[in-house]
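Protein chains: 4
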Amino acid sequence: MHKLPTLKSVKNFDSVAILTSGGDSPGMNPAIRALTRAAFNSGISHVYGINRGYSGLINNDIQKMTSRSVTNIVQRGGTVLKSARCLEFKEPNVRQDAAKILRDRGIEALFVIGGDGSMTGAHLFTEETGIPVIGLPGTIDNDIPGSDDTIGFDTAVNTALEAIDKIRDTAQSHERLFLVEVMGRNSGFIATQVGIACGAEMVVVPEYDFDLRELCLTLAQRRATGQGSSGIIVVAEGKDPGLTNRIAYQLEEQGQNPRICILGHIQRGGSPSGHDRMLASCLGASAVSYLLAGYNDIMVGVNQGSIVDIPLRRVITETKSLNRHLFDITTLLHK
Amino acid sequence: MHKLPTLKSVKNFDSVAILTSGGDSPGMNPAIRALTRAAFNSGISHVYGINRGYSGLINNDIQKMTSRSVTNIVQRGGTVLKSARCLEFKEPNVRQDAAKILRDRGIEALFVIGGDGSMTGAHLFTEETGIPVIGLPGTIDNDIPGSDDTIGFDTAVNTALEAIDKIRDTAQSHERLFLVEVMGRNSGFIATQVGIACGAEMVVVPEYDFDLRELCLTLAQRRATGQGSSGIIVVAEGKDPGLTNRIAYQLEEQGQNPRICILGHIQRGGSPSGHDRMLASCLGASAVSYLLAGYNDIMVGVNQGSIVDIPLRRVITETKSLNRHLFDITTLLHK
Amino acid sequence: MHKLPTLKSVKNFDSVAILTSGGDSPGMNPAIRALTRAAFNSGISHVYGINRGYSGLINNDIQKMTSRSVTNIVQRGGTVLKSARCLEFKEPNVRQDAAKILRDRGIEALFVIGGDGSMTGAHLFTEETGIPVIGLPGTIDNDIPGSDDTIGFDTAVNTALEAIDKIRDTAQSHERLFLVEVMGRNSGFIATQVGIACGAEMVVVPEYDFDLRELCLTLAQRRATGQGSSGIIVVAEGKDPGLTNRIAYQLEEQGQNPRICILGHIQRGGSPSGHDRMLASCLGASAVSYLLAGYNDIMVGVNQGSIVDIPLRRVITETKSLNRHLFDITTLLHK
Amino acid sequence: MHKLPTLKSVKNFDSVAILTSGGDSPGMNPAIRALTRAAFNSGISHVYGINRGYSGLINNDIQKMTSRSVTNIVQRGGTVLKSARCLEFKEPNVRQDAAKILRDRGIEALFVIGGDGSMTGAHLFTEETGIPVIGLPGTIDNDIPGSDDTIGFDTAVNTALEAIDKIRDTAQSHERLFLVEVMGRNSGFIATQVGIACGAEMVVVPEYDFDLRELCLTLAQRRATGQGSSGIIVVAEGKDPGLTNRIAYQLEEQGQNPRICILGHIQRGGSPSGHDRMLASCLGASAVSYLLAGYNDIMVGVNQGSIVDIPLRRVITETKSLNRHLFDITTLLHK
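Residue numbers (numbering that gives the first Met the number 0), protein chains in the order written: chain A, 0 to 334; chain B, 0 to 334; chain C, 0 to 334; chain D, 0 to 334.
It is worth saying that the hints were derived from the structure and are not from the lab.
Among the chain C residues that face chain B by a calculated CB cut under 8 Å, a handful are: (1) Leu3; (2) Arg32; (3) Val73; (4) Gln74; (5) Asp153; (6) Ile195; (7) Cys197; (8) Gly273; (9) Arg276; (10) Gly304; (11) Asn322; (12) Leu325; (13) Ile328; (14) Leu331.
If you want the footprint, here are the derived chain C segments under chain B, 3+ residues with CB under 8 Å: (15) 33-46; (16) 164-174; (17) 182-193; (18) 277-291.
Note that beta-carbon positions come from the ideal geometry of N, C-alpha and C, so glycine has one too.
Construct all of the structure, not just a fragment, from the sequences and the given hints.
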């Protein structure tokens, strides 16, 4: 349970807007709800919902929200504001046009829920246009610098685990080795947490180099010496497509007969977990407080159990690293 | 809720054995439990569990079961007796050796839970050795002739639906088209039921030929005329690998941008649904009744809501066809 | 998978209406969707949704439906048309007023999704007013005469089982006996299916009389002779409140220390199972076919695996009885 | 994702034991697994499992564990070591007898997984006998001083939410108010997190006094002024039985017609969530590190995102308070 910031309101806002951007993640809806309700209950008169992320912003696809607009969405996966990736928003003049659209509607500040790409757009937008922006970390990957947690990560881990718990039934019944690919092109947060939580025999993440052949040799040798024949290996998808297939091929070379399961998009949807609904609610409520306290160009996030503000500049320039000590728990607990 | 057969016991058995064979399916455990408990409660003194299907049978990998061996397995996925595919059992002399192993242990009859391949082995075994065999249809594919239902089908459909309900969140949030591949190399039962139940835009099954290019053209045209932009297409994997990818390619040719999700092995595991536990319990209890009533060389199955016996010869020579009228409901209800 | 009726359309309808009545059940939404889409696709021009059951009918709380009104509801629990119990509809003159409301809107036929109370209203309405009515069995209790199955029953059983699977963890960890009360005031269908599927030690249903003291004595004695100490007893709530508490009290008298868990309303909600979505889709599509084929004053239902028509008069005068043979499976499989 | 302590091993242990005590909680199994595997992998030769908590300890109900004893339990609810409450252990001489039993087996240290009562026993045991004890917080209530989190809390919250998400279907369909009672005799942690995460209209916790009549009056007035008619009120069970019924009675006095749902024991079971499996794994691994680093009479817990040690004396003398600021979010986000 998070510690919330205590902040004093020093600014007045009459009208704000919300958008969700980048890949959708479970918990975006409770975040939209929290921002909307907290805004109204903090004296802000108008809340606008921008559809389809930055794309809807530049196309003026914007509607008024009421308190009831966000009734009964707290438990829904995806985002009622829809999301999209928007290449045009990388152009400075497009961002100026977007600012004009907001100003024409009297919208004085913008909340952006999304991943690191979305935060880059948010930072440039406020820097260039002066319109205050507060970001909220919404991505299942948990790879946003400055925050220990992101909206959607916990749900994605639970979804992957439920799938693996089913796969394990077959793995055990047939005494087989399964390679399970989870999301994570650049980061192994999902793979690590899932790997520990499912009792994986091995976890492969993009953060740590490995010699594919050697890894498979080790695994095959270990399995030869009576480790039992069912097992789960969790693989983060990584940058280059086909990693899981390459591992399978190497394992076959070593006399293993692994099966592959690529979890894919099921990890992005589903009703948000209690943790993610709580996180989204706390971040949403705090984001409004930070805005009213005069903050700008920040993302709200979690640090050591507390809701904190992180400068967007830091969010978009740093890299979040995987805790090696934690990663090693996989090995410590496997056998 | 099934109607059970009323049968009079005319034979005595002192010792029987159970095995699960082929791909595991959710509900095999309640079937093992029902067979074991019904056997003991019907006066059979000894029940043996054979590990790893026919493979364990020919390797004499057999253990005694008690009533407690099957305590608390009713809710477990997979099979506690493990399963395997066994090529050697296709040899008549191997089947004779297997019969000797059973006779040496005093085992007088065999229950086989599995798919159509397993039923072929069961039929040949009893025909050649005279040892009574009763089959139970255990497969998620629901493609066993003579029975309207198989143990595991209902659970697999629910598992696929839960996954698609998550995928739909992203499909809607991003207004995208998803191709979801479900299991079914030779049959479209899963795809059809899943397709109707998830409200799919289209269902592709191996039973019905189609011109890939034409199908995608139709779909693209329909979508162009304002059908809304999110959608789910359910594809049975089919005989030739890569069908889903080929459909995706054709759709791209037609200007669509579909995403692919291959559900794979998660459909085979998981806690059996209420329906499958009930079905397995009724089939298991009935299988024992049929044995004691003097039946042999049959599979127990479901016909028009009743538990019935189906000659194994029929099971392995006929083909179960998909109800066209039912399949057409997909189209009727889509838009 | 159900066999659908083959019917020839002999009548034209331009405008129909749908309502859901009585306690909500999971699968009402896919039924509404199927009725709406099948109506439009069968050439009916107008479909109306009546809110809050008969209550909305007599209050003219009615809106036009489009094909899109029912998009993305197939997976939702509850009913988008809302439901209510309506005492006024028991008055003949109120039913005449209701008929006038429909006629004024040009609505020529009515689909009613609900339980036996709702079917009584439906029968009287068409008998007295001549407006054709087709009923669909929507209740978790599965107690509607003439149909082997009702929309919502399968989901309720699965929900109860998931809860009991959790309770079993504690029952086993603490070696305790749990009394789990499931829904069923007048019928033990849920209790029986849940009892078999969860491996209950005993099932108590309103259909069969029992001596409370004797039952608990038997149970206590059986448990004393080493049956293991954890266990689940499934109790249908029954007509008189407090049955589960009375059983607990008697068990305490016999030296047992049972815990009570009353599942209550969670059994009524939740995303409909694959089975219930399929059933609702087939019943909805068939209901439209029956209407167009000139049928009236009927309920569509399931008999021996086929979708059939059942005269409403029969539905409301008969009683559906629990299959004793099936009920006895509980005992057969327990120990 | 937790930060783990970096500790240097300064002591050798040859033989340790593990017990689970008090009410079971989901995640006890991954904690047992982590302790066992981390112990073996840290050079401890013998690990013993004590059955049924302190009760098994004083009855010498103890078995040897191997690495394989804890295979495939990471996903299971409850505790494979079983649990029990043990009044006798409150006697100092009983604790001395228990120490003798451990010494006779050569067991040099004890890990205790349980709630605050269990920690009291642990503290007294080590204080009086000198046998090192490390506690792990295992309870769904999250009410253990010194730790921000406990094993099982996250799962219990998710279980309660899944139930409420189902109840909401009926609440909305029938436009009704539901009172949902969650666990929490002395603390409102579950109620608060569940209340925020389900979007409750009101949350009642034992920490804050309230005038029952006034509270219900406020609620009734608010609802009268068009707040919509469905709603969820989350009530922690509290010290005095019947609170939820009393609230219902008062609401009826105010003209409301609430339904009651008491979630009860389902909150204690179920497969542990990813968060709880991770927490249990990290706490288990860290507990072994603390032991080897020479720590004693402590509980491992979570503080500001890091795994830390907390003196047992502090655990059993302090009280953990609910964050008022967090509690107030319920109100902030409701309307």
